[in-house]
Amino acid sequence: MAALGLNRVFANPSRRYLNRLSSTEGGHGGPPLQYVLFHDTLCHICRLEFGHAGRSFTLDSSASAGASSNDLTRPASRLEVSERTIHRDMEALSGAGIPVVAARGTGGGWSLLGEYRTTLTGLTEAEIQSLFVTRPAKLLADLHLEKAAGGAELKLLASLPTAFRQGAERVRQRIHVDVSGWSRREEAVPFLPILQEALWLERKLSIKYERGGNSERVERLLNPLGLVAKGSVWYLVASIDGSVRSYRVSRIAHAEILNDVTPIPADFNLADYWEQSASTFKSTAPNYVATFWVSPSVLLRLSFAGRFARVNETEETDARGWRKVHVGFDVDEMACEYAVSFGPNLEVIEPVELREKVVAMTKATLDFYNNR
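Residue 122 in our numbering sits at position 38 of the sequence shown; the count goes up by one each step and never skips.
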């Protein structure tokens, strides 16, 4: 059956429409009704699309509900179905939670209750609340989007049905997300807007990058692919010489957008790349493991004492009641400083060379203060 068009079903054309999108009559035994809800917040129009046995409709309702129609002959004939089918579909809408009701008698018919509006493309209450969980303010500020985010939140909140507004307000007021660490120093990212613009324009970037330590700045010609915030630290993901790499934005000393266009490959997925990159970094990072006896008085402090210390407790204890603990570090210098920081409350078991380094560092510290 060819696609047909149906202009209106309800008596008042300014308030109710049932638009025929397509028709492929398949009898009464077809797939179950399927619904797609969406909401036009600018025009305050609610729409409901549903399909059954090959039929697809759109039901529009303005914010001022109330009109109805008791004449189902025209829609039934134009859709080439029976009036009973129209009744069954409308009853299915009611069963799905859409307040479509039937009134008998003169002036009766089908109508939507009161000021019913769909819930933002059919979102559930929990889905709506998830939109109001606090976005990290620092990251939005870095992108110069903090004011836009605040305005969007207020507009979204105003567009919600009253029944859902209270829950959204509760989430916004009672849940706060802070991605900054307790001891991490905030990093300046003056070139982040330039990187962001290069991404939107899909243009090549020329940067000067500080690799850390005493290394000199290097120049790089990059094809930007995305920006990633790891906690509160920004990274630029870009391709160079056929490989994809990550650059810490705070180490970019200069950035310039070039005229060369560099489209982002359609098969590149930023989230997938970052997950794989982070996994690779963890698996290939240096791992120096030390084993300690630790006093119960400082056991809870172990995970907080070293920024990159990876603590793995065991159930084994000695006669003193001290717990055996394995701790991973990047290098042995970090392990030595960590062990010394606990003084007599931590004893190095192995490696033996670490134990010797801790003794030497402790003696050097005593000599330093004795000679002052």
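Where hints are given, some of them may not hold.
20 Å max Cα-Cα, derived EDC-like pairs, lysine to aspartate or glutamate [claimed, not checked]: (1) Lys292 <-> Asp344; (2) Lys239 <-> Glu253; (3) Lys408 <-> Glu440; (4) Lys366 <-> Asp414; (5) Lys366 <-> Asp351; (6) Lys288 <-> Glu303; (7) Lys441 <-> Glu431; (8) Lys222 <-> Glu167; (9) Lys222 <-> Glu209; (10) Lys314 <-> Asp402; (11) Lys408 <-> Glu434; (12) Lys231 <-> Glu211; (13) Lys408 <-> Asp451; (14) Lys231 <-> Glu294; (15) Lys447 <-> Glu399; (16) Lys239 <-> Glu211; (17) Lys222 <-> Glu211; (18) Lys441 <-> Glu417; (19) Lys292 <-> Glu253; (20) Lys288 <-> Asp325; (21) Lys441 <-> Asp416; (22) Lys366 <-> Glu434; (23) Lys314 <-> Glu253; (24) Lys447 <-> Glu421; (25) Lys314 <-> Asp325.
No lab work stands behind these hints: they were computed from the structure. Please read these numbers as outputs of a predicted model, since none were measured by experiment.
Now the hints, each set against the structure:
no. : hint              : result
1   : Lys292 <-> Asp344 : holds (18 Å)
2   : Lys239 <-> Glu253 : holds (13 Å)
3   : Lys408 <-> Glu440 : holds (19 Å)
4   : Lys366 <-> Asp414 : holds (11 Å)
5   : Lys366 <-> Asp351 : violated (25 Å)
6   : Lys288 <-> Glu303 : holds (13 Å)
7   : Lys441 <-> Glu431 : holds (12 Å)
8   : Lys222 <-> Glu167 : violated (59 Å)
9   : Lys222 <-> Glu209 : violated (28 Å)
10  : Lys314 <-> Asp402 : violated (40 Å)
11  : Lys408 <-> Glu434 : holds (11 Å)
12  : Lys231 <-> Glu211 : violated (23 Å)
13  : Lys408 <-> Asp451 : violated (30 Å)
14  : Lys231 <-> Glu294 : violated (32 Å)
15  : Lys447 <-> Glu399 : violated (32 Å)
16  : Lys239 <-> Glu211 : holds (17 Å)
17  : Lys222 <-> Glu211 : violated (24 Å)
18  : Lys441 <-> Glu417 : holds (9 Å)
19  : Lys292 <-> Glu253 : violated (45 Å)
20  : Lys288 <-> Asp325 : holds (13 Å)
21  : Lys441 <-> Asp416 : holds (9 Å)
22  : Lys366 <-> Glu434 : violated (23 Å)
23  : Lys314 <-> Glu253 : violated (28 Å)
24  : Lys447 <-> Glu421 : holds (13 Å)
25  : Lys314 <-> Asp325 : violated (25 Å)
The earlier numbered hints that this structure contradicts are 5, 8, 9, 10, 12, 13, 14, 15, 17, 19, 22, 23 and 25.
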